[in-house]
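Protein chains in written order, with my numbering: chain A, 77 to 323; chain B, 236 to 511.
Do not take every clue at face value.
[To be verified] Taking lysine to aspartate or glutamate pairs in the DMTMM-like style, the calculated list, with each CA pair at most 25 Å apart, reads:
id	chain 1	residue 1	chain 2	residue 2
1	A	K226	B	E480
2	B	K495	B	E458
3	A	K226	B	E307
4	B	K420	B	E487
5	B	K366	B	E307
6	A	K226	B	E314
7	A	K226	B	D317
8	A	K226	B	E458
9	B	K370	B	E314
10	B	K370	B	D357
11	A	K226	B	E417
12	B	K495	B	E401
13	B	K370	A	D276
14	A	K226	B	E401
15	B	K420	B	D407
16	B	K495	B	E475
17	B	K420	B	E314
18	A	K179	A	D276
[Stated by the list, open to error] Far from chain B, some chain A residues (derived; all Cβ distances over 12 Å):
id	residue
19	A83
20	K179
21	A215
22	P221
23	P245
24	I283
[To be verified] Ranges of calculated distance between the beta carbons of each label pair, as one might list FRET restraints:
id	chain 1	residue 1	chain 2	residue 2	range
25	B	N267	A	G148	25 to 31 Å
26	A	L174	B	G404	40 to 46 Å
27	B	A350	A	R229	45 to 51 Å
28	B	E487	A	P169	50 to 56 Å
29	B	T410	A	A305	32 to 38 Å
30	A	L174	B	R354	52 to 58 Å
31	B	T410	A	W156	38 to 44 Å
32	A	T181	B	T410	35 to 41 Å
33	B	P349	A	L174	35 to 41 Å
Hint data in this document are derived by calculation from the structure and do not stem from the laboratory.
For every residue, glycine included, the Cβ atom is placed at its ideal position computed from N, Cα and C.
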Amino acid sequence: MTAMRRAIDTTIIVIAVVLIWQGLARWVGDTALPGPAPTFSYMTHFVPSARFAENAAATATAFALALLLAYGLGLAIGVWMGAQRLSGEVGEPILITLYSLPKITLYPVILLIFGLTLSGKVVFGAIHGILPVALLTMAAIRNIPLVYLKSARTLRLSPWQAIWNVLLPATIPEVLAGLRIGFTVTLLGVLLAEMFASKDGLGFLIINAMTLLQTKEMITIAVVLFSFAAVANAILLWIEHRLHRRV
Amino acid sequence: MHGDVHAQFAGVTRVYPGAGGHAPVHALGPINVDLHKGEFFAVVGPSGCGKSTFLEVLAGLQQPTVGTVTFEGRAVAGEVPDGVGVVFQEDASFPWLTVWGNAAFGLQRQGTAPAEVRRRVDDALAFMGLKDFAKAYPSQLSGGMRQRVCIARTLVLQPRLILLDEPFGALDAQTRLLMGDEVLKLWRTTGATVLLITHALDEAAMLADRVGAMSARPGRFIEIIETHWPRDRDSTIVAEPTFGEITGRLWERLRGESLKALGHSGQPPAAALAAE
């Protein structure tokens, strides 16, 4: 029943987006925004091409590494700040400030340090993702009801059992929300890096297509990226909801 | 009726060390009291008087600053002794586990054989009236039902001393009376010693063999009242005249202490105001 309703909702949203897209395309003209039909027909021969595959692979590599870095560091910082009351109190306002900062302004610095390398993209992606992961992990740990910890002791759990069987399941829904947001913004960071200074990747292809006025290619890549982000987000949300239903 | 000593407080004091420029807080004691094997002992006192500290020291969740606590002849030190079960006021059921999973939690961590886990959990759920809710999650249950889940989780470990820290504090009055009956049944069936911490005088008077009236902080026993109830009592004893007498006596002892806990000096409120 709910699955059915959700499928209908999704279909309605997709149809609405395509209609708005069609409308906009008519309004601004083909040179700025090609409509859905020409884009999809272009997509059918562009997406299977070697050029697309190479650049998608470059983006995927950078994104995977950035995500690994963001999740690893974000979780480590979040756990440490959640467990240590003092460092949490000192660190939280700093993290929140950093989170609200437009990190794109730091891009020149990253560029000067790393040049047009993979490392530059990875670092720029990761600095976007670390903060939400760290903040939500910290909140998750701090929000554990004290009575869970007392219960773990009265049920005579070893410290290791308490971590594995109580702390972990108690924090997972919130941590997962952090990972989901981290996923989206890390992708954003990687694409931004590719757009501004890179020789490969889908972000680079978008800017390249724009300068060559290849609007169909530009929009095709955008649609592919949208779809990827939407599907990934939906999967992560689905996992989150499954866990939340019990809470 | 007085069996062997099951748990003993000998000169127990608990002082919370001062932190961040605050003076140390003398929360409890000195306390000298014996809990007898198989008795139902209740502690009542004004809020903040240290009655939960009393329970946590016995449970091994806190260390006494001075004195010793023993359970079955052995000093309680730093960890919860085997054979002691605790139920807290706050909802401690784990939301990620079903009712069955919650009840089985402690046994599974101890590595009990699955068949034995199944037997004991099914028994405990049947006993607590949760049989039909085995597959439900705590979020689908009322507060009273969740508290039963927590009791079942403790029950399966077959505790010989059950500590109840205001377990019905968050429930409405009618549910509390019914839960009182459940606890009496539990106490009779298991033969365990029960310590109940509560702020409700009537609850203490109805359930316990002995009721310790605790003073305002630092908590000490002003008086320990014997109720002389029969072992097979239930909540209908609230209609007995003796029930009124016991409750009245408890309030007489605690009224001044409750005023102190509210910040008055133990004199009538008007006099306390005039003194300020």
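*Where does the structure disagree with the numbered hints, that is, which hint numbers, in rising order?*
Per hint list: 1, 4, 5, 8, 9, 13, 16, 17, 22, 23, 25, 27, 29, 32, 33 violated.
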